[in-house]
Structure formats: C-alpha cells, structure tokens
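Everything in the first sequence is counted per my numbering, starting at 14 for the first residue and increasing by one.
Simulated from the structure, these hints should not be mistaken for lab results.
Note that beta-carbon positions come from the ideal geometry of N, C-alpha and C, so glycine has one too.
Some hints here could point you the wrong way.
[Stated by the list, open to error] In silico DSBU-like links for lysine-lysine, alpha-carbon gap of 35 Å or less: (1) K144 with K53; (2) K360 with K331; (3) K382 with K398.
[Claimed, not checked] Derived Cβ-Cβ restraints for the label pairs, each shown as a range: (4) R290 with R180: 20 to 26 Å; (5) R339 with N453: 36 to 42 Å; (6) P501 with F363: 44 to 50 Å; (7) D370 with N143: 43 to 49 Å; (8) N453 with F232: 31 to 37 Å; (9) F363 with K324: 28 to 34 Å; (10) R290 with S312: 31 to 37 Å; (11) A445 with R290: 23 to 29 Å; (12) E221 with D462: 27 to 33 Å; (13) Q305 with E345: 28 to 34 Å; (14) A445 with V334: 40 to 46 Å.
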Amino acid sequence: MSWVRICEIFKAASPEATTGPRLGETVTIKGWVRTVRESKADGGLCFVALSDGTCFDPIQVVCKAAGPEALANFAEVAKLTTGCSVEVDGTLVASQGKGQAVEILAVGSKGGAVRIIGQVDNPDTYPVSNKRHTFEYLREVAHLRVRTNTFGAVARVRHTLSMAMHRFYDQRGFFYVHTPIITASDCEGAGQMFKVSTLDMLKPPRNEQGGIDHSHDFFGKEAHLTVSGQLNVETYCQALSRVYTFGPTFRAENSNTSRHLAEFWMIEPEIAFADLRDDANLAEEFIKFLIQTLLDERSDDMKFFDERIEKGLIDRLKDVVAKPFRHLPYTEGVRILKEAQSKGDAKFEFGVDWGKDLQSEHERYLTEKHFKQPVVLMNYPKQIKAFYMRMNPPGTDNAPGDTVAAMDVLVPGVGEIIGGSQREERLDVLDARLAEMGLNKADYWWYRDLRRYGTTPHAGFGLGFERMMMFATGMQNVRDVIPFPRAPKQAEF
RNA sequence: UCCCCGAUAGCUCAAUGGUAGAGCGACCGGCUGUUAACCGGUAGGUUCUAGGUUCGAGUCCUAGUCGGGGAGCCA
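Can you build the whole structure from these sequences, using the hints too?
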C-alpha cells in the first residue's frame, strides 16, 4: 500500500489527470486530524477531516463501526480530537455526501486501518482548537499556528513565491550570490545594526580612550549583522553581469508597526550595463511574474485568501498583472499631491514640499487613491537618498534641484515594496558624494575599487519579501507572513 | 521612540464601586452520510503584575509588563 500525499489525491481526481491514485485504489495517508464528526447512521460512522499540509483542503476519511469495513478500534477513532496524528489505510471512493468529490473509506478491521500515532494530551487546552482564533493570539503559539487554514496557506504561498523568484532569475541568466550575513565593513549606512561579538560583556577589553577594544574581538574589529546585501552583490555584478541575492536582513530599529521586522528577507537583483529604466522594468516584470505564478500554482490557497482575508484579492492581483505600472518622476508626484491638497481632494497631516521625503500618507494617496495601481516613483532629490545613487544631469524632469536615479515601487495596501536605484559608477562623482555626506572614503575602499577597475553603469533594487507576501495574500500584519517573527520584545520561538 | 487603545474561563468578549456571566471550544448525552452541523446538559476563574484609595475594587489612582492601531525609520 503506497503512502500518498493528500494533494496528489485531489490532483488525480481532476478530469484531465492521467496519473496518481484512481478511484477504487487503496492508499495510505498520514496527517493530523482537523475535525471528527460522528453519526449513528449505517450502524455507526465517523468522519475524520485529515490534513497533511500539502494542500489547502483536508480529505475526509470515513470510518465504519459495522459491516465488512468495520474498524476494530472504531470507538477510539471516533474519540480523536483536533491535532491528533494518524496513519490511514483506505480506499479512494466517490463521496456519498455533499461537500467533497472524493474521500477515503478506511478499509476493514483486520489490518487496523486507522493507526493512532500521536494523541493530543488535553483537548480542552489544545491551543489551536477547532474554532476561530485571532491572529494576535496565534502569534503567541507560533509553533502550532501553521496547523490552521490561514497559516498553512501562508506557508505554502511563501514557498511558492520563493521558488518562483529563483525560477524568474534563473530563466533570465541571473546568478544567485550568497552574500554574507555578518559584516565588519560598517559602511552599509542604513539603520541601526545588531552587534556581533564574542567579547565578555561584563568585562570587555578597553582601549586608551576607555571604549571597547574590538581588536581583541572575534573578527579583530567591530562586526554587525547585515542590513543589506547590496554592496557585496555589486561586486559580483561587476563580473557576472546579472546577479541577485536572497537572504535574511537585520535592522535593530525600535520599529513597532505592522510593516517592519527586525529580521526580514530581501531579494536584491543587480544588473550591469543597465540604467534606471532597465531597473524599473525588471522590477515590474518580476512582481508580475511572482503574482502570475501564485495564481497558477496556488489557486486553492489564493481562493481562501480571496474569500476570507481580502475580498476581491484575486481580481486585484489579476489587474496588477494585466496593466502596466504607472511610472512617474518624484517631481511630478509632488505636483499631483500638492494639487490634490489645494483642490481639497486630499487632506494630509504633513505638508508636501519638493525636497522632502514623502510620508506614508502621501505614498498611499498616490497608489491607492489617485492611480489605484502600482506606481513607480523615480528621480528623487539627492538629499533624501543614499550616497551610492547615481547623480542625474541637472534639469532632469525640470526638477527645482539635484536629483538621483532612485526609484520606489509603491503598491496599494502595503506602500513601499521596492526601493532601488542606478548606482553611481563615476569615481569622482561618488567621492564627491561621500565627502558631501561626511563619510570616510577609506572605509569604502573595495566599493570604490569597482569604479577604478572597469566600471559599468549598473542598477538594482531590494524587494522586501514579507511585504510581497502581504501584497499577494492580503494579510495585514508582517508578523503573520513569516514563520517566526523577530521584532522588538519578540523572539520567543 | 512618540500618540491612542487594551489585558476577565482554553479562545472571543460582557459585567453603575456591592454574589463572576455569555458565545465558541472541551467533556457527557440525543439526532443526522456528516462537514462553521444541530438540540440538551456538565465542568471550567489568583479578573496581567506590584503598590495605593475604600467598609468593600474586575471596575478608581500610580508604576511596571505584555499586546493592538497609528506615526517615525525603512523593505
């Protein structure tokens, strides 16, 4: 008797299927009990909804107390509760009831067709009992929440998105580069970093100034967890042409929002001999590919999100794939926002001025109200962007000040999902920017080398994987789209 | 980090400063090829923690812890 996954059974039941278990075939399935219902009909029946996590729907196992298929342990099986693990030998049959096309009829008592593997200690206090639970509560039982409909679907979608991402880049000749998690370069710029050290925190070695002497530390200097793989991946880009990195990223910011994590995953492609336009096109093509793959390959889970998490989700996503993204300069975005404000179409808490960073409310107005679709904002004022972004020629977009070739992709419901730019490939301009921002040239020696030895125009972006998850599923809290969220005061599991 | 809100049964929530309640879940029984099942019953409480006010505190006050929403930082 062969052990099959429940998804194979459902797949084989579709009219066009040519492989997989057929009606009348006897198979073994293994999984966890979702619900048990008992009936006195036909001399005693019970229905066990069994899930092995391979697809959204559980399969119904029918057990009989009387007749040729009677189970010797029927009474025990009928007492199973949510969460118990079992193995079932049974025959695949067309269902006599409504609600499912096929089901498993547990075979007769001789072989012990339903083998109970793991009981649930105390059903009264089982944390994910068969009832509705809030996401807030389920976060407190993150080790068990994946057994629920929602988190099972999230886990499968997360996997499918990861695989789709690798496929997308592989098909286009990108190489996957494993950039380091630990960095001692201390020149990544963005945000507060987590320290990595093996020094005794109670009595660390001191230098002459009384500070901590990191020359005695593991790496001989101060080290941190990475906040971005970009600077490293740029080096590989300048030899392999098209590369990407995908890995965890760490920010020690005390951020308490539904969109921020201390540990999150980021996809960062980098392309050589390319400009900002190429970068924006790649970003758009990438997002559309991910969504199309989900709609094609995870239709059961997506149907659930559409019905229970965000009504109209699937239509919204199909629309995202069908229409070109709206591209516009930051300068134009500011003009639209100012006009909306003066005409009374929008009320903003914060003022809009060229040269200032856009607030969340501004970004959301553009993507959710004004254009009602993903928006790519390009060419930001240089003073609000990082040193490595390429200086635009004066007069770009008729802007009232200097701009850099940066772009953000904004999507409805989430806001900023991608941040990217064309990189400054001219050493003299890069050095001027470093000086302007008070950064020490020497710290960036290897990054500057890329501009000394065969520099190329190149560009890249970072896509927040969890934000993509939120956009694709309609889930509203970033802590619910990663298995074990890391946030301030939150690292239990 | 800032602003606002919250913490009571396994879960979701009620309860004028005066005996601690419901729904769901669990358990027992009834009914049914059942499927968010339905009907009846039973059990289940250090009201987040530490102080304080009061004859009396789930309720009022102070501090703390944790959680949620929004903001900033960003992905």
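Item to complete: Just pull the numbers of the violated hints for me, sorted ascending.
Response: The structure conflicts with hints 6, 8, although it agrees with all the remaining ones.
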